[in-house]
Amino acid sequence: MTTQKPTATRPTDTGPLPVRGPGPVPVTLTVNGAEHRVDIEPRVSLLSALRDSLLLTGAKRGCDQGTCGACTVHVEGRRVLACLTLAIACEGRPITTVEGLADGDELHPMQREFIACDAFQCGYCTPGQIMSAVALLDEGHASDDDEIREWMSGNLCRCATYPHITAAIRAVRDTTSDPS
Amino acid sequence: MRPLTYSRASAVADAVHAVTVDPESAYLAGGTTEIDLLRQDVLTPGRLVDINDLPLTGIEETRGALVIGALARMSDVAAAPAVRTRYPLLAQALEAGASAQLRHMATMGGNLLQRVRCGYFRDTESPCNKRRPGSGCGALTGVNRGHAVLGTSEHCIATHPSDAAVALTALDARVHTRTTAGHGAYHIDDFFLLPGDTPHREHPLEHGELITSIEIPDTPTARNSTYLKVRDRASYEFALVSVAATLQLEQGRISGVRLALGGVATKPWRARRAERLLLGAGADRRAFAEAAREELADAAPTPMNAFKVELAQRAVVRALESLA
Ligand SMILES: Cc1cc2nc3c(=O)[nH]c(=O)nc-3n(C[C@H](O)[C@H](O)[C@H](O)COP(=O)(O)OP(=O)(O)OC[C@H]3O[C@@H](n4cnc5c(N)ncnc54)[C@H](O)[C@@H]3O)c2cc1C
Ligand code: SF4
Ligand code: FES
Ligand code: FES
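Chains as they are written, first to last, in our numbering: chain A, 1 to 180; chain B, 181 to 504.
Warning: the hint list may mix true and false statements.
Partial list, computed: chain A residues near chain B (C-beta under 10 Å) [unchecked claim]:
| # | residue |
| --- | --- |
| 1 | LEU54 |
| 2 | VAL75 |
| 3 | ARG93 |
Bear in mind the hints are in silico, worked out from the structure with no lab data behind them. This one's a predicted model, so the numbers in the text were calculated from it and none came from an experiment. Where is the CB? At the ideal position from N, CA and C, for every residue including glycine.
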């Protein structure tokens, strides 16, 4: 076996890192293209900062432990769970929420198809589903229904609207990738 | 959630120094274990040192190995062409884990250090030798359907939950680290510790020792490889049993094989006994089943998880059959 316990190679001579908190500290978040300054404790999740400080209540708190997907937002263009992300760790990393998808009064195609396909009942999971679905098409994992289901498995729906969600995603995929 | 202080490091030496000198501190990578368990009061650091800005995200082909930075995300590693062609079992193991959102967040270093999913570990009201050494083990006589049958001790029977670590164990990976004193490297077999009398010690790292990369030696036989994961739902669930396997045949005989099991043991389990039996044997169902039986011979199941002994053997046979 090739295991070596750490051996000295060179000393380190770095100064201490700045420490922030535990009380509220100013944090700058870029959400849907706009900069916001909030005073929050470092322990505050991105989900709480969005909902409670910025009053962007699209992202939902389902489980608060990474299992349901209701809090899905985009950070640096990738879908992530806002409940397991610290807001302070998102400084310098642009955030998009469901509130930022529409272009003025013009809904995002995914939002339109969720309505057209009747892809929600209570609607609690819907913002997370939509944010996940938009990212899914960017990631290119929607070639067939099986692939859509697998790559959307991180978004649970208590109302079991899954077939309609799959239909909405398929519809957007087919309109946006149709070359004609 | 407890109050916390926060620092963001942009240089490896700063991060290592900050955590090493402060026993109350912990690294924050993707946060998918750390923030979850902080919120449950299972982990209680007073300070998080955010390492997401460290330049440790590369996936590099070097002479004789593939080197994956500790902060490379699970999704990026799974998508990397070098991983997909050279180590299909690793790409499959990564994509079978968690969800698309979690894989964008979770890092390779954090994946190795993720904590067990044992319900008693996650519940601060329950006894748990891992969380509170000496307090007892709630799972031994409790709900232990998901727990381990191999590598257990009378002090802990929790399963190691990582999928990627099972593939990396089959691949003889090495874990590279940094401390304030210098560099370290661990063969993956030495990286995960059996619970024994000290279930709270899961790995040999010192406080503040930072994983910097994971090195996978060239393994030409891994091009014919697979990761089979058996679980209670089709997706987004931890393994009941999983098998990472590579297989190489010459004239119908097995000339190369790697086998590792997940979901059944207290650490990612390299099935060396089975490998020894298989080497040189014919690539048929009977040989596969015999090797699987031998590997599980020492299994110590509970009434609730006894099904895993048979399930693991069948999974080994199925994984190998798919490669033969
Ligand atoms: C709902 C859910 C489902 C999941 N399903 C699966 C699954 O099916 N399969 C699977 O394998 N995993 C699964 N996971 C676990 C997930 O893969 C891990 O939580 C993740 O890989 C941890 O990585 P991270 O970067 O988020 O680590 P963090 O949470 O940031 O860190 C984890 C621990 O490692 C330490 N740490 C992190 N990086 C380093 C480093 N470079 N050096 C030293 N210490 C470090 C931290 O201090 C912390 O203690 C699941 C998680 C959740 C929440
Ligand atoms: S199995 Fe291990 S982790 Fe679970 S309660 Fe027992 S000691 Fe704790
Ligand atoms: S609220 Fe974040 S995953 Fe459920
Ligand atoms: S529409 Fe009710 S949870 Fe999905």
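Consistency of the hints with the structure:
1. The restraint placing LEU54 of chain A at the interface with chain B is violated, with a minimum CB-CB distance near 19 Å, outside the 10 Å limit.
2. Annotation: interface hint on VAL75 of chain A holds; nearest CB of chain B at approximately 8 Å, less than 10 Å.
3. Because the beta carbon of ARG93 of chain A sits about 9 Å from the nearest beta carbon in chain B, less than 10 Å, this interface hint is met.
Hint 1 alone, counting from the list given before, is not met by this structure.
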